[in-house]
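So the protein lines, in turn, are chains Z and U.
According to this note's numbering, the first sequence is numbered sequentially starting from -13.
According to this note's numbering, the second sequence is numbered sequentially starting from -13.
Treat the hints with care, since some could be wrong.
Pairs count within a copy or across copies, as identical chains cannot be separated in the list.
Okay, derived cross-link-like pairs now, EDC-like style, lysine to aspartate or glutamate, Cα gap no bigger than 20 angstroms in a straight line [as the list claims (entries may be wrong)]:
| hint | residue 1 | residue 2 |
| --- | --- | --- |
| 1 | 243 | 175 |
| 2 | 133 | 154 |
| 3 | 133 | 239 |
| 4 | 133 | 56 |
| 5 | 101 | 245 |
| 6 | 101 | 111 |
| 7 | 243 | 111 |
| 8 | 133 | 192 |
| 9 | 133 | 242 |
| 10 | 243 | 169 |
| 11 | 243 | 79 |
| 12 | 243 | 144 |
| 13 | 101 | 56 |
| 14 | 133 | 162 |
| 15 | 101 | 230 |
| 16 | 101 | 263 |
Hints in this document: simulated from the structure, not taken from any laboratory.
Nothing here was measured: the structure is a model prediction, and the numbers come from that model.
Number of protein chains: 2
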Amino acid sequence: MNPGTSSATPTIGVFDSGFGGLTVLRALINRLPQARFAFLGDTARLPYGSKSRRTIARYAAQSAQFLVREQGAQYLVIACNTASALALDAIQDAVSVPVLGVIEPGASAARAASKTGDVLVVATDATVHSHAYLAACHARGLRAIEKACPLLVPLVEEGWTNHPVTAEVIEIYLNELRAEAGERGFNPDALVLGCTHYPLLRSLFEQAVRPGASVIDSAESTAEAAVQLINGHAATPAPGAAAETEVRCFATDSVEKFERLGSRFLGRPTGNVELVDLGG
Amino acid sequence: MNPGTSSATPTIGVFDSGFGGLTVLRALINRLPQARFAFLGDTARLPYGSKSRRTIARYAAQSAQFLVREQGAQYLVIACNTASALALDAIQDAVSVPVLGVIEPGASAARAASKTGDVLVVATDATVHSHAYLAACHARGLRAIEKACPLLVPLVEEGWTNHPVTAEVIEIYLNELRAEAGERGFNPDALVLGCTHYPLLRSLFEQAVRPGASVIDSAESTAEAAVQLINGHAATPAPGAAAETEVRCFATDSVEKFERLGSRFLGRPTGNVELVDLGG
């Protein structure tokens, strides 16, 4: 099953509990068009956000092992905020290849973008509850306020990515964040999109933030960090046409929804999504 | 564990994959204030909607057995559209008490309310995909159009039950339904709320439907059917103060969210939600 690999065409495994991580895969393909990619969505067992750390670690380790052992991944990108927050150590213990999550790159990009040192983070309820972005921001000397925006994933999945209702919902959430920032004496000038669905709402967020504020797309930040990681390990692949990029998508269930919605996240057809059984 | 029971104070088990079914429990308490109630939300294993029929049947049967064997339920109300659509037979096979789902009562209420014989059904994606309401309406000589409204559960859980955004979303969904009804030559005069979360949006739906159209709350219809079922088996309990009603709530996970949001659905505090382990 392990395809032949060379340093010039690395195989990169990308993992998410669902298909939102396809936004990270999209950003990776743009930067590494001659790499091979294997994406796994553990759709049978989502949502991870409501499960215990131990269960998430077990699921994520199984998924990582599939990508490394069955698909020959030489690098792993955990394109899932919940797994990055709660299971990165467990994944690193389970495989022997370099592993990159989405949270640290997002926080690093916020550090680079913010002049005031105060940032806002929008994410799912589970990610906010983990406070992983807060910790990563604090570690970089940033102050941060996190806000759960539970309506945004359903709005993206409904296809309302450029819809007045979604713009209104984003405005309401940002107004609540700004009110909290004002009360706490924060002066934020960067907003981190801490969910793999949110890059599809990037233009609405850019219209909603104050002039001069940066919107940090953690999918882009993660892809950038992956390029640096791979360049540190291997020769940079020569740029090539994106159309040539070899991408295989796998899911543990719900292939229909994955194929139907995934192309919006990936920016091109997912192709046939292959069903895999990772067991309990 | 089985509490002492008599025909005058029946014990009624109410089951849902989450806590939305508390709207059905609320309607039951209003009608049967002297009954005892045990509610189980299988929150560790939700959402049922994305799982296979076999898996749902196994989960629902385990949950039903807990309510009958451990809690002494003499009647079971399946306050879950997915389980009612896909697992009612399996539940009836697993226990020896009368079992009532939410779909048949909703369709019967639509039959009673509609003069034109054409009805609209709003529900979750999983319920619409099962076409259980369509079949139940057809069996009663009704024509029906179903529509999945995936934004409404998140809007209810966000607490936006009387919010202009929610009113706008409902208007958009109903306009799409009306357009389809027009194209197909339907003349609908009843709208079935086919999800246990939607009773919290009842007033918004009533404002949004055309004058003279009925809004069928399947939680109310199910509670009414339960009263008839119980009256057919036992003496009618004498009316008593609702405050006396004995209610125990159980969940398989996520007790915190259940307690935080559940009171809105139940119309009173859930009390301590007890954690139970039903195994795999």
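Going through the hints against the structure:
{"no.": "1", "hint": "243 - 175", "result": "neither (37 angstroms within a copy, 32 angstroms between copies)"}
{"no.": "2", "hint": "133 - 154", "result": "within (16 angstroms within a copy, 24 angstroms between copies)"}
{"no.": "3", "hint": "133 - 239", "result": "neither (30 angstroms within a copy, 23 angstroms between copies)"}
{"no.": "4", "hint": "133 - 56", "result": "neither (38 angstroms within a copy, 41 angstroms between copies)"}
{"no.": "5", "hint": "101 - 245", "result": "neither (41 angstroms within a copy, 41 angstroms between copies)"}
{"no.": "6", "hint": "101 - 111", "result": "neither (27 angstroms within a copy, 45 angstroms between copies)"}
{"no.": "7", "hint": "243 - 111", "result": "between (22 angstroms within a copy, 11 angstroms between copies)"}
{"no.": "8", "hint": "133 - 192", "result": "within (17 angstroms within a copy, 33 angstroms between copies)"}
{"no.": "9", "hint": "133 - 242", "result": "between (31 angstroms within a copy, 19 angstroms between copies)"}
{"no.": "10", "hint": "243 - 169", "result": "neither (42 angstroms within a copy, 27 angstroms between copies)"}
{"no.": "11", "hint": "243 - 79", "result": "neither (32 angstroms within a copy, 32 angstroms between copies)"}
{"no.": "12", "hint": "243 - 144", "result": "within (12 angstroms within a copy, 24 angstroms between copies)"}
{"no.": "13", "hint": "101 - 56", "result": "neither (45 angstroms within a copy, 60 angstroms between copies)"}
{"no.": "14", "hint": "133 - 162", "result": "within (9 angstroms within a copy, 32 angstroms between copies)"}
{"no.": "15", "hint": "101 - 230", "result": "neither (40 angstroms within a copy, 60 angstroms between copies)"}
{"no.": "16", "hint": "101 - 263", "result": "neither (47 angstroms within a copy, 50 angstroms between copies)"}
Checked against the numbered hints given earlier, the structure breaks hints 1, 3, 4, 5, 6, 10, 11, 13, 15 and 16 and satisfies all the rest.
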